[in-house]
Amino acid sequence: MAPESVDVIVVGSGPVGAMAANLLGQYGLRTVVIERETTAHSQSRAINADDEAQRIFQAAGLTGELGPGFHPCLKMTYVDDEMRMLAEVDFTKVERPNGHPIGSLFNQPRMEAALHRGLERFAHVTLWRGHEVESFMQDDEGVSVRVKDTVGNRTVTVRARYLLACDGAKSGIRRRLGLKLEGTTALEHALAISVETPSSAPDFTYYPCGPERVGIVTRTAHDEMRFDTVVKPGQDLEYVKSPEYVRSIIAPFIDPDTVKVKSVNLYAYHSRMAEKWRVGRVFLLGDAAHLMPPFLGQGLCSGLRDAANLTWKLAHVLGGAADASLLDTYEVERRPHAAEMMRLSDSLGSMLASGGPFVARARNAFIKLLYHMPVTGPFIREYKMKPNLFHAEGFLFGGKRGKAKQAAEGAYFPQPRVEHGEEGERPLDDVIGHRFAVLTRPGAPAEVQQAAKALAEDVGGVWLSVAPAARTGAGRSGEVVDLEGKLGEWFAQHAADLVVLRPDRYVYAATNRAGVTQVHASLKQVVRPLTRWGSRGSRRAAQLGA
Numbered sequence: 001m002a003p004e005s006v007d008v009i010v011v012g013s014g015p016v017g018a019m020a021a022n023l024l025g026q027y028g029l030r031t032v033v034i035e036r037e038t039t040a041h042s043q044s045r046a047i048n049a050d051d052e053a054q055r056i057f058q059a060a061g062l063t064g065e066l067g068p069g070f071h072p073c074l075k076m077t078y079v080d081d082e083m084r085m086l087a088e089v090d091f092t093k094v095e096r097p098n099g100h101p102i103g104s105l106f107n108q109p110r111m112e113a114a115l116h117r118g119l120e121r122f123a124h125v126t127l128w129r130g131h132e133v134e135s136f137m138q139d140d141e142g143v144s145v146r147v148k149d150t151v152g153n154r155t156v157t158v159r160a161r162y163l164l165a166c167d168g169a170k171s172g173i174r175r176r177l178g179l180k181l182e183g184t185t186a187l188e189h190a191l192a193i194s195v196e197t198p199s200s201a202p203d204f205t206y207y208p209c210g211p212e213r214v215g216i217v218t219r220t221a222h223d224e225m226r227f228d229t230v231v232k233p234g235q236d237l238e239y240v241k242s243p244e245y246v247r248s249i250i251a252p253f254i255d256p257d258t259v260k261v262k263s264v265n266l267y268a269y270h271s272r273m274a275e276k277w278r279v280g281r282v283f284l285l286g287d288a289a290h291l292m293p294p295f296l297g298q299g300l301c302s303g304l305r306d307a308a309n310l311t312w313k314l315a316h317v318l319g320g321a322a323d324a325s326l327l328d329t330y331e332v333e334r335r336p337h338a339a340e341m342m343r344l345s346d347s348l349g350s351m352l353a354s355g356g357p358f359v360a361r362a363r364n365a366f367i368k369l370l371y372h373m374p375v376t377g378p379f380i381r382e383y384k385m386k387p388n389l390f391h392a393e394g395f396l397f398g399g400k401r402g403k404a405k406q407a408a409e410g411a412y413f414p415q416p417r418v419e420h421g422e423e424g425e426r427p428l429d430d431v432i433g434h435r436f437a438v439l440t441r442p443g444a445p446a447e448v449q450q451a452a453k454a455l456a457e458d459v460g461g462v463w464l465s466v467a468p469a470a471r472t473g474a475g476r477s478g479e480v481v482d483l484e485g486k487l488g489e490w491f492a493q494h495a496a497d498l499v500v501l502r503p504d505r506y507v508y509a510a511t512n513r514a515g516v517t518q519v520h521a522s523l524k525q526v527v528r529p530l531t532r533w534g535s536r537g538s539r540r541a542a543q544l545g546a
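Residue numbers for the sequence shown, in full-length UniProt numbering: 1 to 546.
Keep in mind the hints are simulated off the structure, nothing from the lab.
Among the hints, a few may not be true.
[As the list claims (entries may be wrong)] Restricting the straight-line Cα-Cα distance to at most 30 Å, the calculated cross-link-like pairs of lysine-lysine (DSS-like) are:
1) Lys276 with Lys75
2) Lys75 with Lys384
3) Lys260 with Lys75
4) Lys384 with Lys453
5) Lys400 with Lys232
6) Lys170 with Lys453
7) Lys260 with Lys276
8) Lys75 with Lys241
9) Lys400 with Lys384
10) Lys93 with Lys170
11) Lys262 with Lys384
12) Lys262 with Lys400
13) Lys260 with Lys403
14) Lys75 with Lys368
15) Lys403 with Lys486
16) Lys384 with Lys368
17) Lys403 with Lys384
18) Lys170 with Lys368
19) Lys276 with Lys262
20) Lys232 with Lys276
21) Lys386 with Lys486
22) Lys403 with Lys368
23) Lys241 with Lys260
24) Lys400 with Lys276
[Claimed, not checked] Just the calculated beta-carbon pair ranges, DEER-fashion:
25) Gly280 with Leu369: 50 to 58 Å
26) Leu370 with Met137: 25 to 33 Å
27) Gly485 with Gly433: 22 to 30 Å
28) Pro198 with Glu65: 45 to 53 Å
Note that beta-carbon positions come from the ideal geometry of N, C-alpha and C, so glycine has one too.
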């Protein structure tokens with residue numbers, strides 16, 4: 001029997017794999033998701049989605065009824081063992097450049113269920129539960145994968161153009177590729193306790209800073225709370241999972257008799273990265289590529305960024321709209337940012353969890369001092385400890401970001417709400433869709449607008465003319481009204497008449513009228529209109545995986 005042929009095989013249906021499959025599904029790519037487990041995972045591990053991650057859920061069409069029930073974090077308070085405030089971030093007063101709450105919490109099993117429901121939208125995307133990869137071979141044209149049905153005890157070969165390894169920290173695909181994980185594993189362990197609550201109160205997010213307790217306590221859903229704490233060196237790892245110890249962790253924050261303990265998990269945390277994220281037609285994403293400490297809540301977010309970065313590139317290559325060299329930019333763009341998040345998570349963890357009681361009290365006094373100082377206070381209150389997301393090199397005009405601190409190329413473009421003709425008020429990304437976009441500033445000269453339209457047509461994108469808020473209710477076709485003035489501010493900051501956005505909303509180029517022709521020529525050399533959106537059908541794959 002000839003092997004089944006699909007566009008992409010995704011190994012692992014956790015959040016990263018399921019997100020990648022949803023994004024591929026929107027491009028019409030025939031996709032098979034291989035999942036070893038026969039049933040959905042019931043334990044809550046990851047709990048945080050920042051505004052960038054929520055924007056990726058939006059891109060996947062998973063807001064609204066399919067949404068995973070994100071619970072916005074309104075305030076984040078750093079406290080000592082006596083529950084005295086050291087510092088606080090009021091997220092209701094922090095700028096929201098991506099159109100979503102800066103931080104939201106969630107119940108992972110429910111979030112994964114939403115992602116899996118999302119796959120049901122696509123006849124050309126199939127989830128094979130109870131299957132595992134036995135082996136694979138790749139050549140110049142694709143990857144042949146032997147897949148075993150662990151329930152039916154049969155094996156089938158599936159042929160794909162590319163394979164995405166989203167199979168977690170113990171990735172079997174990474175192991176078969178012979179790729180090493182480089183970095184360290186912490187000597188300490190962390191205890192994660194999930195409890196069910198009878199109501200949505202209390203609602204808070206605390207970062208205990210010790211010296212007795214270090215970790216996070218937060219509501220993750222209307223009926224769930226999470227208690228994560230660093231286990232001290234030398235503590236009995238069996239005892240810390242006991243009902244007595246679990247109760248002692250919960251008691252300072254909520255009456256243990258009013259909640260039901262759902263899970264108690266002990267885990268080590270890592271700062272490790274695969275030596276390479278790609279071998280031929282096989283790519284590593286998420287925990288298969290990088291493992292990071294939990295202190296900034298960026299592990300899952302980083303995996304979702306991997307999926308958002310790679311999937312549009314695969315769609316353009318498979319759709320004949322770009323050369324395969326575009327895929328070389330995946331690791332070039334994602335690896336440095338993941339490494340920076342890992343470094344910052346390590347630094348925060350070292351600051352919060354290291355040292356004895358004297359050091360911890362001195363550190364807490366220093367945090368409190370910084371919080372009340374005129375320069376460092378706003379840095380904490382406005383949550384500037386998390387760096388802005390950008391690509392230093394990759395698929396950008398000129399290949400590299402400018403040296404200026406506020407250079408536009410490689411930056412993540414903001415998403416305000418705009419008014420768009422008869423569709424009314426909408427988030428900007430919903431207007432653009434899954435394509436390149438060319439935006440011109442309010443009041444851009446006619447010659448710039450004409451050049452922007454021609455550029456958009458040549459790459460199969462959309463041109464949008466940005467109009468000032470004064471045009472509310474009178475917007476024309478092809479125009480978005482800048483309701484909050486955020487887009488106008490961005491163009492003014494970068495002295496640009498025109499900006500080119502990639503499908504993942506990173507800036508390819510920003511230029512004035514003098515540079516439009518050069519940007520047009522540069523982009524046209526690499527990108528063509530995406531006229532073939534996959535094969536939109538995989539009945540044979542569905543039958544094989546039934």
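- Which of the listed hints are not met by the structure? 1, 4, 5, 6, 7, 10, 11, 12, 13, 18, 19, 20, 22, 26 and 28
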